[in-house]
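Trainee: Given next are the chains, with one letter for each unit.
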Amino acid sequence: MIKAPPPKHRGIAGLLLLFCATGAVAGLGFDLSLAADARFGGAAAQPGARAVMGLGVAALLVAVAHAFRWMLGRRVSHGEGARVRDNA
Amino acid sequence: MFAITLNPGFVCLLAGLLVLAAPRAFRPATIAGAAMLALWLMLDREFGAAEAARQMGLPVVLLSLDALNRIFGIAMLIALIVIGLSSGARRNRVEDAAILILAGSAVSALFVGDLVSFVAAASLSGLTAAWLTFCSPARGSAQSGVRLLIWFGIEGLLFLVGVSFQLSAGAASSIFARLDANTLGGAFIFAALLFRVGAPFAHVWLKDAIAHASPVGAGALAAFSTMLGVYGLARLFPAEPLLLPIGMVMAAIGAVYAVAEDDLRRAAASGLTAQTGACVMLIGIGSPLALAAAEGHAFTLILAFLALNLALGAIFGRTGDVRASAVEGLAKSMPISAALLCLAGLAATGAPSFAAYVTNAIALEAMAQWQSQLGWIALSALPAALFVALMLRPALIVYRALPGASARNEAPFPMLLGVGLAVFFCASIGLAPGWLYGLLPAAPAFQPFEIGRLAPYAEMLGAVGVAYILMRALRLTHKEMPLNLLDVDALYRGPAAGAGRWLGVVLLRLYGTWRAAWARVGAYAARVVGRLSRACDRPYRAAPSAAAPLAAAAISLAIALLMQSG
Chain Z
1143 MIKAPPPKHR
1153 GIAGLLLLFC
1163 ATGAVAGLGF
1173 DLSLAADARF
1183 GGAAAQPGAR
1193 AVMGLGVAAL
1203 LVAVAHAFRW
1213 MLGRRVSHGE
1223 GARVRDNA
Chain F
119 MFAITLNPGF
129 VCLLAGLLVL
139 AAPRAFRPAT
149 IAGAAMLALW
159 LMLDREFGAA
169 EAARQMGLPV
179 VLLSLDALNR
189 IFGIAMLIAL
199 IVIGLSSGAR
209 RNRVEDAAIL
219 ILAGSAVSAL
229 FVGDLVSFVA
239 AASLSGLTAA
249 WLTFCSPARG
259 SAQSGVRLLI
269 WFGIEGLLFL
279 VGVSFQLSAG
289 AASSIFARLD
299 ANTLGGAFIF
309 AALLFRVGAP
319 FAHVWLKDAI
329 AHASPVGAGA
339 LAAFSTMLGV
349 YGLARLFPAE
359 PLLLPIGMVM
369 AAIGAVYAVA
379 EDDLRRAAAS
389 GLTAQTGACV
399 MLIGIGSPLA
409 LAAAEGHAFT
419 LILAFLALNL
429 ALGAIFGRTG
439 DVRASAVEGL
449 AKSMPISAAL
459 LCLAGLAATG
469 APSFAAYVTN
479 AIALEAMAQW
489 QSQLGWIALS
499 ALPAALFVAL
509 MLRPALIVYR
519 ALPGASARNE
529 APFPMLLGVG
539 LAVFFCASIG
549 LAPGWLYGLL
559 PAAPAFQPFE
569 IGRLAPYAEM
579 LGAVGVAYIL
589 MRALRLTHKE
599 MPLNLLDVDA
609 LYRGPAAGAG
619 RWLGVVLLRL
629 YGTWRAAWAR
639 VGAYAARVVG
649 RLSRACDRPY
659 RAAPSAAAPL
669 AAAAISLAIA
679 LLMQSG
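Chains as they are written, first to last, in this note's numbering: chain Z, 1143 to 1230; chain F, 119 to 684.
It is worth saying that the hints were derived from the structure and are not from the lab.
There's no promise every hint is true.
Reference excerpt, derived from the structure (chain Z facing chain F, CB under 7 Å, subset only) [unchecked claim]:
hint: 1; residue: Ala-1163
hint: 2; residue: Gly-1165
hint: 3; residue: Ala-1166
hint: 4; residue: Leu-1176
hint: 5; residue: Gly-1184
hint: 6; residue: Ala-1185
hint: 7; residue: Val-1204
hint: 8; residue: Val-1206
hint: 9; residue: Phe-1210
hint: 10; residue: Gly-1215
hint: 11; residue: Arg-1217
Just so you know, even glycine gets a beta-carbon here, dropped at the ideal spot from N, CA and C.
Construct the complete structure from the given sequences, taking the supplied hints into account.
Mentor: Here it is in C-alpha cells:
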C-alpha cells in the first residue's frame, strides 16, 4: 500500500506574485502607450521609469534593512513584548 | 460676561467623564454617541468664529469653524466612532475615558480660535496620550508612558515659551493665524509642532507609544496625536520652506524603519511617520493645491492607520505579540484578522481604490506644479516602500505555510468590526472620492483614476512587489528574528539613562552623607544645649558651700559701711 503524501502547505507568495505582476505588466503597457504625454519628474517620469523605480526601491529597501538590522539590531527573547495582565 | 460656546470637542470631554461611571454595556455606545453628537454639532454650524470672550485682556475664541478644521474634525470623529465600536471587546473604563478625553482634547484644539486655547487643548491631548499608554496591559507600558510624559512635557514647555513671546507682542498676537517661524515666539511654537508630528529625532515617541499601547489604544494614538501637529503646521506655518526637507527626512526614516522593524506595531508607527512626512512636505510647499493635498492626505491617513493599528491590535490582543518573527503562519488561527491586516496594509500604502491613493495623486500633481523634482520623486517612491513594509511583508509572514493544524483563535468581533469599518471607509472614499474633494478647502477638479496617473502608479507598485517577492524567495531579504532596532531613543534609554542612574546613585550617596553629617551635628548641638539648659535650669538647693559667697558679700558690705562711717 502506498502511503499518502502529506498535504501540501502553500503560502500566499504565488498569489501575491501574480497580483503584482499583473499590476506591473498592465501599468507598464498603458504607460508605454501614453509615451507621448509631457510629464514632470525628469528621467523618473519617463515611460517605464516607474517600473525601474519600483525595482530600485525594492533593492534599496532590502539592502538598507539588512544594514539597519546588522548595525542597530539587538536580539531579544520571544515574548518580550507580550502583555502581562489581561484586562481585555 | 463669559459664555461657553459648545466646541464639538467638549462633548467628547464630557462623555469622557461620563464613561467613568457608566456600566460596561453602555461605554461603547457612549463613545460612538459622543462622536456622532460632536459630528452633528460641527456639521450643523456655519463657517465662522463664535463670539469671543475676554479673559485677562486676551480674546478667548472657543469655536471657529472653517474648511481646514472641518476636514480634520470629520476624520477624527469618524475614527472615534470606529474606536467606540471596537471598545466593546474589552473592559477598561479608565482607558475608555482616556480615549474620549484624548479625542475630545484633539478635536477641541482643532476648533478653537485663539493660540492660548489651542496650546491648552494640545497639551491636554499630550497628557492624555501618556495616560492612554499607562492604561495598556502591555509589558513596559508604564516606562513608555513616563517617556511619553517627558516628550510632551518638553513640547508643552516649548508651546508655553512660544505663546509667552507671542503674547508679549500684544493681545492681538493671540489670534490663531499664520505665524512667522523666524520670530522667537513663532520658532518655539514651530519646534513644539515638529515634536508633535514626529519630526526627525522626535519620531521615536510615536513608535514607542504605539508599540506599548493596548490594542485599541494604539489606534487612538495613531488617529489623534500626530495629525493634530499636521493641522497646527497647516494652520500656523503654511509655505514654511524648512518643512520640505524635514518632511523628506521623515519619509525616508519612516520607510526604512517600517521595513526593518521586527515588531509590526513599530513598523506601522514608522509607516505613519513616513506618510506624515509627506503631509509635512506638502505644507512646506504651501500652494493651495499642496495644502489641499496635505489636508486630504491627513484625512485618509487617520482612517487608514486606524485600520492598520486596530488590525495589529486585534492580533496583539489574542497572541500577546506582533513581532514578525512570532506571527508566522498566523492566518491559520486568525484568518479574518489576517485578511483585514492585508486590506488595512493596502489602505495605509495608498493602493489604487483606497483613499490614500486619491490624495497621493493630488500630492504628486501639487509637487509637479511646484517644480520640486526631489519632492516629487520622494512622494512617488513612498507608496512603493510602504507597499513592501505594510502590506507585502506582513502578508507573506502571516500567510506563510507552516505544517500542522492550528485551532481557530479569532480576534473578538468588535475589533474585527472596527477594522472592517475603517477599511470600508478607506475603500469607499477611494472608489468615490468626489465627496472628499468637496470637503477640501481648495476643492480641486481632479480625476485620480485617469489612466495617465493610474498606470505608472500600478506599474511601480507591481514592480516593487515582484522584485520583493522574488528576493524573498531567493532568501535575499533579511531573516525574521526577534530583535529590537536601536533608534535615537537608544541614546536616552541606553548611555544617557545609564549616566542618569549613575548620577542618581552618586547624588543619593551625597545626600545620605549630608543627612548623616547633619544628624551628627544636630545631635552634638542638642547635647551641648541640653547640658547648658540643665546647668542654667538647676533648682536651688541650700548647701553649706552656698553660704560662703553670701558671707563674703555680707563681710564686704560691713567693711564698706565701717569705712564710710569712719
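Trainee: Does each hint fit the structure? Answer for all of them.
Mentor: Evaluation of the provided hints:
no.	hint	verdict
1	Ala-1163	holds (5 Å)
2	Gly-1165	holds (3 Å)
3	Ala-1166	holds (3 Å)
4	Leu-1176	holds (5 Å)
5	Gly-1184	holds (6 Å)
6	Ala-1185	violated (10 Å)
7	Val-1204	holds (5 Å)
8	Val-1206	holds (5 Å)
9	Phe-1210	holds (4 Å)
10	Gly-1215	holds (4 Å)
11	Arg-1217	holds (5 Å)
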